[in-house]
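Q: The listed protein sequences derive, respectively, from chains A and B.
For the first sequence, the numbering used here gives the first residue as 1, with consecutive numbering after it.
For the second sequence, the numbering used here gives the first residue as 561, with consecutive numbering after it.
A hint or two may mislead.
Said to hold, decoys possible - Partner residues aside, some chain B positions facing chain A, computed with beta carbon under 8 angstroms:
{"#": "1", "residue": "Leu586"}
{"#": "2", "residue": "Ser660"}
{"#": "3", "residue": "Ile994"}
{"#": "4", "residue": "Ala1029"}
What the hints assert, rightly or not - The following residues of chain A were derived to be distant from chain B, with all beta-carbon distances above 12 angstroms:
{"#": "5", "residue": "Arg121"}
{"#": "6", "residue": "Leu194"}
{"#": "7", "residue": "Pro529"}
The hints are simulated quantities; they were obtained by calculation from the structure and are not laboratory data.
Built from N, CA and C at the ideal position, the CB exists for glycine as well.
Residues per chain, in single letters:
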Amino acid sequence: MMGWLPVALLAVPLLGASLLLISPGSLRPVLRVYGLAFSGLTLALAVMLAATFDYAQAARPQFTVDQPWIPGLDLRFHLGVDGISLPLVVLTALLTFLCFAYLSWGDARGPGQLRASATGRPRALVFTLLVLEVGMIGTFLALDLLLFFVFFEIVLIPMYFLIAIWGGRGRRGAAIKFILYTLLGSVVMLLGLLLIWSQTGTLDIVALGQAHGAGMSRAVQILAFAAVGIGLAVKTPMWPLHTWLPDAHTEAPTVGSVLLAGVLLKMGTYGFARIAIPVLPEGAVAIAPWLGALAVVGIVYGSLACLAQRDLKRMIAYSSVGHMGFVLLGFATLTTVGINGALFANVAHGLITGLLFFLAGAIKERYGTADMPSLGGGMLATLPHLGAVLTFAAIASLGIPGLAGFWGEMLSLLGAFQPAEALPRGLFLVFMVIGGLGAVLTAAYFLVMLSRVTHGLPARTVPSLVATHPGPAEEPPASAAGLGPDGPGAGAEAAGERPEASETEPFVPEATIEGMRDIRGYELVAWVPLIVLILVFGLWPKLLLSLTTPAVQTLLGALS
Amino acid sequence: MIQQIHYFVIAPPLVLALAAGLVLLLDAFLPAGRRTTAGLGLITLAGVLAALGFVVAQAARGGQTLATFCVPDGLARAAGAAVPASAAAREAGDGAGLCSFVADRFTLIFAGVVLVAAVVVVLMSMTELAGGGIPVGEWYFLLLCTLVGAVTLPASRDLIMLVVALELVSLPVFALTALKRYDGRSSEAAIKLFLVSVVSTAIMLFGVSLLYGVAGSVHLSRIAAVLSGAGPPPEAFAPALEAAHGLPAVVTVGVVLVTAGFGFKIAAVPFHAWAPDVYQGAPIPIAALLSVISKAAGFAGLILLLVTALAGQSTTWSPIIAIVAALTMTVGNLLAMRQRSAVRLLAWSSVAQSGYILAPIAVASRTGRSGDALLTGAVGASVAYLVIYAAMNLGAFAVVMIVSRTAPRNELDDYRGLVFHSPVVALVLAFCLICLAGLPPGLAGLFAKIVVFRELVDGGAGWLAVVMAVNTVIGLYYYVVWAGRLFTPAPAVTAARRTFPATWVAAGLAVALAVVFSVAPQLVLDLATASG
């Protein structure tokens, strides 16, 4: 078996990160290529994984590695890929690579762009992103409860620093809120995992999944499902545990938002499909109605909150709450259709929201603000290509048939129409209706956004933020002042030039609106793969569904 | 009758005591100066390493338990005259008679932790003493005396030895704290430590005397036998025991008093209030010593008494320990959040960490045996946490020591932008803090917490696990805020004064251990949790 492939998927970014730590100075000249090379290699390995995957047996974990790591804890280094995790592994590798592509060819102005070599702390940024990639991919590969937890935790610290160092104005508070909230969730999840372990005596996810909850009483299963579910729900995020998300997304730099929305949220929903539902089927049946109820509240709440937002990034963040509501509703139905829909929506959301955050970042970089009234409107006239891509992404996100966003929501709602036998059908019909209304609201806020930003006459408003802060354009953005552990010389210099590197100063736009340029080459490189995939999955959903269906049927073994 | 002494068994404390005497003599006869200062430091270091060598040698002899200062067989039989040589009696006497000094796995692990920590503390002391102003010979003498106590304590198997060893750990520390002469804070800290410690000793002695009165023996294994009914109570007390149909309330009082006495030593709430002032006032190496060595000794004594001698009374002490653990971690974490001084923050954080170490002991009642079995399950989790905590906490203290050379006030704000002028120091501190918080990449801390959580969930103390979970989050806040400060840009600071290289070695050693424990936590778990 090709067991080395998952190990290599983890080893390559880890190697990249540790080399940066070991030889600080010598890699600086090649830094732009460096991150690109390592994430590209990881992507190549992920593509190879997808190419050699045995699609006839998608329900079975393949490429398994199973080595004891810490016998004292029963912790085994157990990795593997099946139909559920394969798309997410590839998605992670792809998004990370695109983020590096975006950073490496970008120009010096954006926060943390790699070309801003003196002030953007580029080495620290590459290091952070590579460590983040290890954690994300590891979470999707792990087949051991504690190993899953370890990888789940690995992403916290890099994401904290990504927000806290390269983020926007309120970055410190947002970063603290993010890490405390998600840690609280994951510690509760750890208790649930240990409860499962103490009742069954094994941490092997595959064995536990095949046991279908044997060895655990109904009460224990409900308790464990609640604990694990809360942990995952914080990450997902599920209403009412979502409040960390808007701040984190708004303050994070573009790549941070992309990875946060594109991958980190998926780790929560993936946990439901991998651990909570297959391992604890009775607990799932008992809690599913609650999960469904909170999911539809999330859908409606997210949509209404979006309608009220002025900030583009914040609006996209809230739209994630709504979309994740559809995913959770799909899981709550406990049917093949619903869970398939949830997994599909998961991947689609990663692609679409990743693209949306890239776009929001590009807009913020050009206009100096993501405040929709300040943007003015008429983007289709001033920046026709950017406006067109934004329209495309928004329409994909609101779930128009033919694009990736449609199938997930449709299948989730279909699942709610005919939920599992053990669930109250009437209740789920209500959920379906409310969810459908939420889909309408989703369309509403995206159309409102488009009408405000892309349509209308291009207003020549100079963004107010620029007017109040006439900082010289060549000066680096505030958050980028200073640098990573790049050595004392440059650091002291940068710090000395800008004492108290003002945390309140906004990003300075690169030029006035007249001088703004439409989509640049490096942006195209980062966006086109996402656009293509959104189209492909929209037109040919079977590509993904055929992969997940057998795995979902296995995981539902006890229920169906 | 001549007492047979097995010198190999008592070699570690013996070597330390000899080194202490040698240091004092040399200090008296050698001329004062830089060379003598360094020389005495090296002699101390050699003594600690030699003791560590003996500990390793004892460990290398395999699982066999070495013992000395035993009650001779004849006397033991006379003491328990009524007992026939039954299985119960042999169980009670642990087969090898009643011994006061036992070197089993438990002893060796604690001795090893204490001595490795001592290496770090001695290295830090070299830097502290290079500054002058502190009498060198006295410092090393007192330090070695503390170590003698700390190595003896986990080996003690009778009440007298336990109390004497514990006093040997505590008494020199008052003097060490006060050695920074003409420093108001330091003197205040010493007085506080002295008063608290003396009061706690008095409380504990009262409890110990009650236990002795009931059981009629100072040996822990005999106390356990008597209190669990396997052995005969002393003649004088037998009628009262029978009248009470079980154990009198005085045992409960004894248990509570002894627990309270040890509570002071490990700075458990509500006996914690001395910790921050003393840590801040004392020289930093002594703060590190208090937070690791003295604490390890306190835990060793507490575990020996509760789990070995008072196993039968677990219904009395389990809830007390559980509540104390919950309070300790909560209070420690909440107060740590409000600190601005680095050392005070570490002080409160070490109070909170005491709570984590204490928590599994609350569910340890199921494994109430002596010997290697002592380390199975919950106690093993405590010990594993303690070992990992020692490594990461010493790393943090060593870095704080390095920074204190340039920023005497040592406030958290002094750490802003540390990564820009001394990146290695900043990364080391960040790693230690994240370890203490228990998040990857500080996997050692994460696994330590998982071990404890596992015992709690398995032992049915779900509520304590939830309290600890919440505390982990609170703890993360101040650790991560501090770690974040390291990476925020700050105005340029004055060029760092070169620190004496010894501190670098100390920090390097502690962090290397923390990294090793992160990659291979199995090492600690193998040590700490005997298979049975």
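Q: Now tell me if each hint is right for this structure.
A: Hints, one by one, checked against the model:
1. Checking B:Leu586 against chain A by beta carbon gives a least distance of about 41 angstroms; that is not within 8 angstroms, so the hint is violated.
2. Hint status for B:Ser660 relative to chain A: violated, with the closest Cβ pair at about 32 angstroms, above 8 angstroms.
3. For B:Ile994, the interface hint holds, since its Cβ comes within 8 angstroms of a Cβ in chain A; the closest pair sits about 6 angstroms apart.
4. The closest approach between the C-beta of B:Ala1029 and any C-beta of chain A is roughly 4 angstroms, which is under the 8 angstroms cut-off, so the hint is satisfied.
5. With a least beta-carbon separation of about 9 angstroms from chain B, A:Arg121 fails to lie farther than 12 angstroms from that chain, contradicting its non-interface assignment.
6. Under the 12 angstroms C-beta cut-off, the non-interface status given to A:Leu194 relative to chain B is violated; the minimum distance is some 4 angstroms.
7. At the 12 angstroms boundary, the C-beta of A:Pro529 stays outside the reach of chain B, the nearest C-beta of that chain being 30 angstroms off.
The structure shown violates the earlier hints numbered 1, 2, 5, 6.
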